[in-house]
Each structure stands twice: as C-alpha cells, then as structure tokens.
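Please build the complete structure, drawing on both the sequences and the hints.
What follows is the residue order along each chain.
There are 2 protein chains.
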Amino acid sequence: MAEAVGVGRVRVHMMISLDGYTAGPNQGPDKPFGDIPEHFLDWVFRLKSFSEMHGLDSGETGPTDDVIRETAENLGATVIGRNMFGGGPGPWPLDAWNGWWGDNPPYHTPVFVLTHYTREPLAMQGGTTFNFVTEGIDTALARAKEAAGDRDVRIGGGANLVNQYIAAGLVDEIELHIVPVLIGGGTRLFEGIPAPHPKLELVRVVAGAEVTHLKYRFVQ
Amino acid sequence: MAEAVGVGRVRVHMMISLDGYTAGPNQGPDKPFGDIPEHFLDWVFRLKSFSEMHGLDSGETGPTDDVIRETAENLGATVIGRNMFGGGPGPWPLDAWNGWWGDNPPYHTPVFVLTHYTREPLAMQGGTTFNFVTEGIDTALARAKEAAGDRDVRIGGGANLVNQYIAAGLVDEIELHIVPVLIGGGTRLFEGIPAPHPKLELVRVVAGAEVTHLKYRFVQ
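Just so you know, the protein sequences line up as chains Z and F, in that order. If you read the first sequence in the working numbering, its first letter stands for residue 1, the second for the next number, and so on. If you read the second sequence in the working numbering, its first letter stands for residue 1, the second for the next number, and so on.
Just so you know, these hints were derived from the structure itself, not from any lab. Predicted, not measured: the structure shown is a model, and the values here were computed from it.
If the Cβ cut is set under 8 Å, some of the chain F residues that face chain Z in the computed set are:
(1) Asp-19
(2) Gly-20
(3) Leu-202
(4) Glu-210
(5) Leu-214
Part of the chain F face toward chain Z, derived, beta carbon under 8 Å:
(6) Pro-180
(7) Leu-182
(8) Gly-184
(9) Phe-190
(10) Ile-193
(11) Pro-198
(12) Val-205
(13) Tyr-216
Note that CB positions come from ideal geometry on N, CA and C, so glycine has one too.
Below you can see the structure in the form of structure tokens.
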C-alpha cells in the first residue's frame, strides 16, 4: 500500500468525457489528445490556474479554477507515461526532443517518465526535471515517492498508465473532471482493471459551470 | 426535435458505474443487470422513494432520494426495451409472462415496450399498462408522446435503447446517477452514437452521500 512509504498520497486527476474517454482516436506525436471536440480541453485553457502554471496571470476564476489550482498543491513528484512526455513510436531522438511542454513545463516537480529507452535526466526551467525510468511502474513510483518526501505523488497520465497503477492497487485517490462531451473512441480510463475490482468512496463533489469534479478514495 | 410534438420533454435517467457501464456482463432473463457488484444497485433499494414506488413507506431520505422521487414527477409515459420488460432470447410465452415487475410495476404510466413480437396490451395494477410496439423507436416514441400529452416521456432503458434514441437526436435531457463502483464489462451508455456527436450542457449537479446525479441537456 501507498502508506508504506512516506505519508503523501498517490493521486490521479484526469479529465474524462461523458463516454469515458481521456483522449480520442488517432493520438500521435503531433496530436497528444487525438481527435477530440475542442470543448474537451478549452475549459482548462481558460482558467487562471492554467495560466499561472504556464507563468501567466489571467483567466477565469471560480470552483473549477480552484480545483485545478489545488491539484498542484502539496505535490512532490509526478509520474507520466512516455506519450505524455512527448513520445511517439520508436526511440526518441535522444538529445533533440525535450517533449511537448516547452522550456518551462507545468509540472514544477521532478517528473518520472516511464519508457523503454534510457536517457539522462533533463532539467527544465521552473523546477521540472524529467527522469526516464525503464524499470517499470513500481520503480517509477518508488523513485517519485523518494523525491516527494512527505508530499504527494501525482500519476499524471495517460490513462493507460493510470489504469496500470489502479490495477496494481497503488493509487490512493482519483479526481475526475467530467467534461460534457462525447468523444466516441480513443483511450478509456478504468480499462483492464482485473477483478476483484477496487472499491471506491466518494470524497468530494465540486460543481463547476460546465465541468464536474468528482473525487474518490480507493478503499483497498 | 422533441418539441415538435407536445410540450413535454424526453428524459433519460440512468445509473452508471464509474467505468461507464449500466449493466454487467452475462445479462439474462433471470439476471437483468448481469454480473454487477451489489453496491451498484443497493443504494436505490434503500431509498424512501423506491419504497414508495413499490407501495411501501420506509427508507432513506436526502438529496439522492429527492432526485429519484423527482424522476417520476410530471411523467406521462415510458419507453423501454424488451429486456427491461423481462425479455430474454426468443418469443415470449405470450400469455404466461408479465415481466419482471410484479403485479404493480413501478412505472405507473403507459409503458411502450420495443419488441419484435406483437402482443395485446397488458394492464397491470397501479396505472402501468405495457404496450408492445414492433414498428421501431420512432413509432414507440410517437405513441408515448401521444399518451403523455403535456407531460414528459422517459426512455427507461436499457442502455442499448437509450443509445439508439440519443443517436437519433430524440432525447432532450439525460441524468446520470454516477455510482462509485467499477463493473469491468457489460453494456455501455453512449456507445454507437455517430459523429458529429450531440452537444451537451450541464443543467444540474446533486451530490448524494455516495451517488452523484449529473443532469445534462442535449443541444441539437
């Protein structure tokens, strides 16, 4: 269990469509979310907290903005999949591609990237260092917990990685940002979780104007 | 559009698991919801409104109970699929099987059952009459609207039928009762809806102790 190492929680925060997708079909290096309706993402781009994560200071405030800002609080490390870093099929051009996130990525923590290809750590601006882990999800989480100390670890995504961590019983809390769109295909959250399925308890409901934020605790 | 006939709305209210299922695998005549965790249904059995629909007077009150009671308000007719009536593979034993719902079904309205087999209307206690419609979803809805007059029509389920009505652009409003369980397989809501997908607007969020009730309006 997560409590065995450190006191922080292992958290997931994912936006999800009404039909259960976190990304659409035809994902690729130049289209990280695949084919999605614009509205699946634009609500987050409009938020003040989103602007702040990217070093700006403008945008909408309100309950949804508060929830998104909160996801960065008490956060000590982040684990993401190769595609979320900025992957694509085949090995990276090792010293030529620093991911999708620009010079100052919005993580502002050590980030542990699950991959099959070794690479030296990549220090970015604003406190983000990408560390590339080839030994699997347990090792990535252990290294993230060590880096986070008493603070929380976020499993950042994508959904395939989150599903692996849920299946392994390693997630303490998941918050879903339920976006009122249908995507119709792509990557699903909660897929491939073997029975007996983990139990969940509702922790909190926050109603934004468009997006609803449901937080659950895994009871394992 | 639904407004073309009558002034009532065409409404859907469905319980749905966190992984998007409205019923589990292995559904059958003696197992209408298939293999599901007990908790997917037991929250509704405990409600006072559920007891009342079945002629009893006990159970839990609160926001979830209010939402479930409200689903029956201003309701003039119901459309359901054959399986929800109490189907199964092959023709019914025509005069021997009155469905799953007992002598006093909880519908208390005319009910239009989509089926491939003709059958005389079946009048039950408490205001429910099952009418069997073989001409497809448009005819079933037209007959339900005629029966409902100014009141609303509920598309009762299952999800396969609801998906057909959504795909046809015939649903005005959908309320999801989001139950914090994973089912892992079975029947999914929002499947088979062709692109361009309908747009939805959040109407209301009600946070129950366990179940969250999200109501959306289709904007077509």
